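Given the structure of chain A, go ahead and fit chains B, C, D, E, F, G and H with the ligands onto it with the hints provided.
Residue numbers (this note's numbering), protein chains in the order written: chain A, 516 to 724; chain B, 516 to 724; chain C, 516 to 724; chain D, 516 to 724; chain E, 516 to 724; chain F, 516 to 724; chain G, 516 to 724; chain H, 516 to 724.
Quick caveat, the hints were computed from the structure, so don't treat them as lab data.
Since the structure is predicted, the reported quantities are computational estimates derived from the model, not experimental observations.
Be aware that a few hints might be false.
Stated by the list, open to error - Here are a few chain F residues that face chain G, going by a calculated C-beta distance under 8 Å:
# : residue
1 : 535
2 : 694
3 : 710
As the list claims (entries may be wrong) - DEER-style ranges, computed between Cβ atoms:
# : chain 1 : residue 1 : chain 2 : residue 2 : range
4 : B       : 539       : H       : 533       : 31 to 39 Å
5 : H       : 555       : B       : 619       : 43 to 51 Å
6 : B       : 724       : E       : 721       : 51 to 59 Å
7 : B       : 587       : C       : 585       : 23 to 31 Å
8 : F       : 639       : E       : 639       : 24 to 32 Å
9 : D       : 629       : B       : 721       : 48 to 56 Å
Glycine included, each C-beta is placed from N, C-alpha and C at the ideal position.
Protein chains: 8
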Amino acid sequence: ERTGYPEVVFGQGKTASQVVEIFSHLMENHGRAMVTRATAEMSVLIKERFPDAVYDPVSRLLTCGESPRKYPGIVVVACAGTSDLPIAEEAAGTAVWMGCQVERIYDVGVAGIDRLLAYREKLQEARVIIVVAGMEGALASVVGGLVRRPVIAVPTSIGYGAHFSGLTPLLSMLSSCAAGVTVVNIDNGFGAGYAAAMIQQLVKEVAAK
Amino acid sequence: ERTGYPEVVFGQGKTASQVVEIFSHLMENHGRAMVTRATAEMSVLIKERFPDAVYDPVSRLLTCGESPRKYPGIVVVACAGTSDLPIAEEAAGTAVWMGCQVERIYDVGVAGIDRLLAYREKLQEARVIIVVAGMEGALASVVGGLVRRPVIAVPTSIGYGAHFSGLTPLLSMLSSCAAGVTVVNIDNGFGAGYAAAMIQQLVKEVAAK
Amino acid sequence: ERTGYPEVVFGQGKTASQVVEIFSHLMENHGRAMVTRATAEMSVLIKERFPDAVYDPVSRLLTCGESPRKYPGIVVVACAGTSDLPIAEEAAGTAVWMGCQVERIYDVGVAGIDRLLAYREKLQEARVIIVVAGMEGALASVVGGLVRRPVIAVPTSIGYGAHFSGLTPLLSMLSSCAAGVTVVNIDNGFGAGYAAAMIQQLVKEVAAK
Amino acid sequence: ERTGYPEVVFGQGKTASQVVEIFSHLMENHGRAMVTRATAEMSVLIKERFPDAVYDPVSRLLTCGESPRKYPGIVVVACAGTSDLPIAEEAAGTAVWMGCQVERIYDVGVAGIDRLLAYREKLQEARVIIVVAGMEGALASVVGGLVRRPVIAVPTSIGYGAHFSGLTPLLSMLSSCAAGVTVVNIDNGFGAGYAAAMIQQLVKEVAAK
Amino acid sequence: ERTGYPEVVFGQGKTASQVVEIFSHLMENHGRAMVTRATAEMSVLIKERFPDAVYDPVSRLLTCGESPRKYPGIVVVACAGTSDLPIAEEAAGTAVWMGCQVERIYDVGVAGIDRLLAYREKLQEARVIIVVAGMEGALASVVGGLVRRPVIAVPTSIGYGAHFSGLTPLLSMLSSCAAGVTVVNIDNGFGAGYAAAMIQQLVKEVAAK
Amino acid sequence: ERTGYPEVVFGQGKTASQVVEIFSHLMENHGRAMVTRATAEMSVLIKERFPDAVYDPVSRLLTCGESPRKYPGIVVVACAGTSDLPIAEEAAGTAVWMGCQVERIYDVGVAGIDRLLAYREKLQEARVIIVVAGMEGALASVVGGLVRRPVIAVPTSIGYGAHFSGLTPLLSMLSSCAAGVTVVNIDNGFGAGYAAAMIQQLVKEVAAK
Amino acid sequence: ERTGYPEVVFGQGKTASQVVEIFSHLMENHGRAMVTRATAEMSVLIKERFPDAVYDPVSRLLTCGESPRKYPGIVVVACAGTSDLPIAEEAAGTAVWMGCQVERIYDVGVAGIDRLLAYREKLQEARVIIVVAGMEGALASVVGGLVRRPVIAVPTSIGYGAHFSGLTPLLSMLSSCAAGVTVVNIDNGFGAGYAAAMIQQLVKEVAAK
Amino acid sequence: ERTGYPEVVFGQGKTASQVVEIFSHLMENHGRAMVTRATAEMSVLIKERFPDAVYDPVSRLLTCGESPRKYPGIVVVACAGTSDLPIAEEAAGTAVWMGCQVERIYDVGVAGIDRLLAYREKLQEARVIIVVAGMEGALASVVGGLVRRPVIAVPTSIGYGAHFSGLTPLLSMLSSCAAGVTVVNIDNGFGAGYAAAMIQQLVKEVAAK
Ligand SMILES: Nc1ncnc2c1ncn2[C@@H]1O[C@H](COP(=O)(O)O)[C@@H](O)[C@H]1O
Ligand SMILES: Nc1ncnc2c1ncn2[C@@H]1O[C@H](COP(=O)(O)O)[C@@H](O)[C@H]1O
Ligand SMILES: Nc1ncnc2c1ncn2[C@@H]1O[C@H](COP(=O)(O)O)[C@@H](O)[C@H]1O
Ligand SMILES: Nc1ncnc2c1ncn2[C@@H]1O[C@H](COP(=O)(O)O)[C@@H](O)[C@H]1O
Ligand SMILES: [Mg+2]
Ligand SMILES: [Mg+2]
Ligand SMILES: [Mg+2]
Ligand SMILES: [Mg+2]
Ligand SMILES: [Mg+2]
Ligand SMILES: [Mg+2]
Ligand SMILES: [Mg+2]
Ligand SMILES: [Mg+2]
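Extracted from the complex, chain A is given alone in its bound form (with noise of 0.2 Å):
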């Protein structure tokens, strides 16, 4: 296993019985997997099979197994509240199914910033940061201006307008003022789930040598 991990599913436009398939090949081979964007369909019939299996209708992740690795220190998912919600558990439920603690931090938005700063040390003592927003996106730039730790930023598709469908926070998170600030695909909550682990397996690893 080059990277750590057995690979992911993504069950977006898959059909229920491709994922049950792959799902099943993964099951056997790496005694764990996980699937994103997983529908409730997908979930009955892998539970079926695999008893142990959790769905989550939130995150819609289906996962079995748990990593056999456990990264000491905490990964923070921060949001502004409701609407971002499934990105920001796609990502926690992402990390923590690859061996992070995670912590969420979910009602600090940047228009209330006060709620945002009662949490300033939560977030400095956090080893990474995943920031998730829709709207403007700002919340990526008062984080990564507080921390001096990497900072991960998931734009989310959940707006109108000028909003263009997560367009936005995207182009303004990548022209964020606070540098280091990096970013994945909009509602790509995996991808910062998975950046995450990846730097606390760099870690753990370093560590133990």
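Just chains B, C, D, E, F, G and H with the ligands, lined up with the frame of chain A:
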């Protein structure tokens, strides 16, 4: 004078002699005039005829005469620094020429949130706040969340790559999560200053009744 | 209450039960609440608990309680007709809920300029004018040229082809040849009503001093 | 001559000597010729050979010879002022060279609607109206709503920010709420003048039967 | 009646009962009416009240009454086939309802140039030619090059991928290498038919003098 | 040599001395070399060292040495005229340098369809046809419809307004109604010539077996 | 038959009965026919009349009859997996129907480069390679760099966020760093298969001489 | 120092004297400073005052002083060659200035996959990999698929046509099929170097505990 002000000349794309002619015409009819996006060459020609004219190379405003009205209360113009300065000054200069008192807060960016919050009171005492921002334009949302007053956002064209000459902060300000922020065109400091003065004019005329 | 108003709930993308919960929370703390983009389902659930709640299916506003403040003077909401009506009503309903008196001018389009000009006086007597327009968004410029008061423009998403779901009137309003017009997001009637109320709140509080 | 006219040379992107050669060829075959987007350099070279050639630096039209046909009735070219002038003149000059009589209305913008309405009668007497407009391009809709004649709209590239070099008035004119307005490419004054002449040619040839 | 015609109702985005009301109002005042983008439901309701009303499900035009004027000479509507048919019929139906005589050439595409050229004479005898085209919109240029008459191009939204719902033929028609082609919005068959009738009205009224 | 050819140097964005170095390196290893987008300065420096090198200022190709292979059969390069010439010549020059025989048809545009049809036979006898077109790019569809051979379309960046520097013919060629037309990047004459040579190389190598 | 093949029916946007009629017409004249983007409904109706017709629900191709010509040598169709399969099959099925022999390589993605390289020889022996790819479209460049044969790239619309329904792999393939890759429209498997067959037809006809 | 580093000066759009002033201020407070996008003029002025300052004209970095911390382990910066070099050097120089050890792999492009694979081991031993790529940006996906470490992708603006000044590799990297690749703005070598250093700082500080 329908709007309460003589028309303002848009200097860009006009020859210096075209501008001189329009300027002279306005001086005759109104006793005062303003050119935006004026060049040094225009300023030289106009000062020959109107020695009281003033040219500011930063804002590129060329003005002559003063507003007969003066509005009590403060209009704040806020921005993050060096590169947004010309547009911030265009906004400030326009508002002043129209009779406003302007206070400048020019060293605040969202990546250094504490510096911004140090001005919280000043922002809350203002009657109107103009926020000028390039990069990801996040300043408008943070300021909008701090105050109970009209906030006018001006995106600027300074940036590169995914900034697309100001498109990113424009879209970002339009998608602001702070309620009631209104937006003007990229680099349109003039429009923001003008809109602020329209509000101040309204306040004064109502109070005067 | 920093802004003078309880936070407004954005109903879109939330489940009915999420909205009921937030609504109840707001009623408890502020005695009044408003949801924008509310669905009929939300309205049924909320009226069960709060029989005084009112749902307007055109504007999709769901409100309960009244503004303790009432602002003298008129806010005009103008649009060209049938298709822009939901957004115009969102703007009007928001402004009313916040304490404004609203006058609607709903049958004016620039292709029938005489009908618009018949309202010239009404427009000039208003304190703030909200212009709601789809198609090419030209109404904002014509109205902006008629008055000496703040004009807030709202592009709407109704149209087809080169209209690009409101992008065209948005860009057009931002490029308006009438000075001082400010713009909110496509279909953001709420934002325009809110901004108008912020201006009226300023006027009242200054006059009260 | 299929269209009734010799082909017109598009000067932009050609070398002066390329243009001279094509021009000479046309003069030989048709006794007259026209270059659009001509440069001063081209004009000098061509006048050496064809002393009757005329170069207009505003429209950048370089013409020689006159239309053998003259069309009765007026083609109006309308625009808001200084910055749209070169394109308006390109339209006017093209129409004239093709045999039209042109009347110019060059000081009308929608933000000063009364000035435009002062020309209502002139506009209604015209056979074809060409509307040249930058900014938000609203003039086309207002004029289109005033007349019962073909209206050809020409967006111009002068503007900044959300104007996107003429994209905004282009989209706006295509989305015009006035029925029957047709549109040509950004800055294509030539195309508008040509289309107007095609209509006038049709009218004359039908009347002549 | 400024334009010589009663206003045409844009059916899209209106409820059936809204349309019935406007239709009835127009019938009362003008004795005839037309709805574009009408639905079958609208047609049923309107035929109940106005048994003479006619609904064409292809063009989605719902009409009642006839033009008191009839224009001699032919308006040709040309397109490449099946998928552009609804828009071609909207153009044709509009022109007919306004008093034009229309000839349809519906099986010509530029990839089969000989089929198009078989109609060369018919195209050259027409007074106005409306070209309806999706895909790459090339038909407008080829036809424009064949005739000495006004050509009105209508891009359609049928296509996929890089066609971008009609953006591609729209831009292509605006960039046409054939002089004097004018363009209307994507899928705006109505606008093209209307513009053709405006030209025919002009021709007739001039000839009548 | 995997592809059968030495790598071609892309001259744009390289300094003259960088190009000289790479060129010399290629000459040493392959006995021949080609630079695209070469400048006059590069040509001077290279001719000093390699007196047999040839620079063509129109195509901006700088070549030295000849293809050891020569492909029978004709590659046609077609375009409408003056402004597409540099790209057409880049395509032609590249194909020739790679061993093709090229025939140029440089005066055909779709607005003058008869001129194009005069070459029908020549087009049909070609093995591969490269169509270079700016404006609306319609030539690719018309030619594609005339032949039973591979057609490679090259959009060019020459145009203005809605042409968007070649985006319009690019999208138009991709949406071509003629089956089997393939497309290369805007202004990529090199790529088209290269692809044509790949086809000719295949034909020859198969025939040789 | 100019191209050597009967016209292919584009099923999308046509009614089943329209398709049946055209199909029957083609069968009568050519003894064989093909519909792309066919629906199950079309297949049922057509099989009633033509029991030999074959419908493939993955590629959505509906075919009847076989190519009288058969081309020696292999056309490879390569893609990364599940989601690009329908388009890959459209390409493969089209090529087969036109007489090509196709080999499918359907489990190669650039993120697992070794799996791709395992097919290096197969790719190099092919006469034409069709690369079908969504995501970032990188496969075209890697394959293009491995072979000395024509490579035709097909971007697909499967993806999300910054993928913009295939725009990203389209632009990416057009900007490929591998020389000579040509591109067809997003999801245009048909066009790629057709172009491959045109090349194979050329090879055969030349070899036959 | 919140982030562990003094703020870095963005030289672009600032006057040389503005930069000198900020630089001096940083030197006073931190004993070291860095300017990105510095000009030769800035370098001359700064070296006058700070003779130890170093200016690299390729990366345009102007630095003075060294990082007190040094991070063990390698950061690899990979790119395809000449045109991406300035941005690759900006990334490398930034990382070095912040205390990283950098190894450069500058001759790898995906069209020559074997050259890239020759570095497989070096890539897999790195702690963080920065991939700089213009054209279609495919390098990020291929490298991302080879390693189990954080990969930061930097699209560059060098290219033409459908490359749209870096938009294409930006979108392509965001849509990468390799999990966990994160992306920074077009040409933002600085941001990538900074993010890599943030990761290395984390690793060191954790290991130090
Ligand atoms: N939500 C997601 N967004 C982006 N990539 C994903 C997602 N879920 C899984 N993947 C990636 O998709 C690939 C598997 O795709 P597939 O073979 O289509 O299931 C793996 O490389 C995953 O790392
Ligand atoms: N910098 C500016 N941006 C936008 N509009 C402006 C600017 N300066 C002046 N204007 C407006 O431009 C109009 C005058 O344009 P002009 O007649 O071209 O000078 C007036 O309506 C002004 O309000
Ligand atoms: N299909 C159509 N496309 C564009 N405009 C239309 C269409 N049908 C009617 N109209 C115009 O829409 C206006 C009436 O709009 P409404 O008041 O919404 O019915 C009139 O100006 C018509 O000329
Ligand atoms: N005009 C051109 N457009 C696109 N690619 C080119 C061009 N000229 C050369 N190339 C390709 O660019 C690569 C060489 O790039 P470079 O190493 O920067 O010189 C080779 O793969 C060529 O096939
Ligand atoms: Mg930071
Ligand atoms: Mg506020
Ligand atoms: Mg005004
Ligand atoms: Mg009209
Ligand atoms: Mg013509
Ligand atoms: Mg063909
Ligand atoms: Mg190759
Ligand atoms: Mg990896």
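For each hint, the structure was consulted:
With 8 Å as the threshold, the beta carbon of residue 535/F stays out of range of chain G, its nearest partner Cβ sitting at about 22 Å, so the hint is violated. With a least beta-carbon distance of about 5 Å to chain G, the hint placing residue 694/F at the interface is held under the 8 Å criterion. Interface restraint check for residue 710/F: the shortest CB-CB distance to chain G comes to about 4 Å, inside 8 Å, so the restraint holds. Restraint check, residue 539/B to residue 533/H: a C-beta distance of roughly 36 Å satisfies the suggested window 31 to 39 Å.
Between residue 555/H and residue 619/B the CB atoms are about 33 Å apart, so this pair departs from the stated range of 43 to 51 Å. As the Cβ distance of residue 724/B to residue 721/E is approximately 57 Å, the hint placing it in 51 to 59 Å holds. Between residue 587/B and residue 585/C the Cβ separation comes to about 24 Å, which falls inside the hinted range of 23 to 31 Å. A hinted range of 24 to 32 Å holds for the C-beta pair residue 639/F and residue 639/E, which are about 27 Å apart.
Between residue 629/D and residue 721/B, the C-beta spacing of about 27 Å breaks the proposed range 48 to 56 Å.
When each numbered hint is compared with the structure, violations occur for hints 1, 5 and 9.
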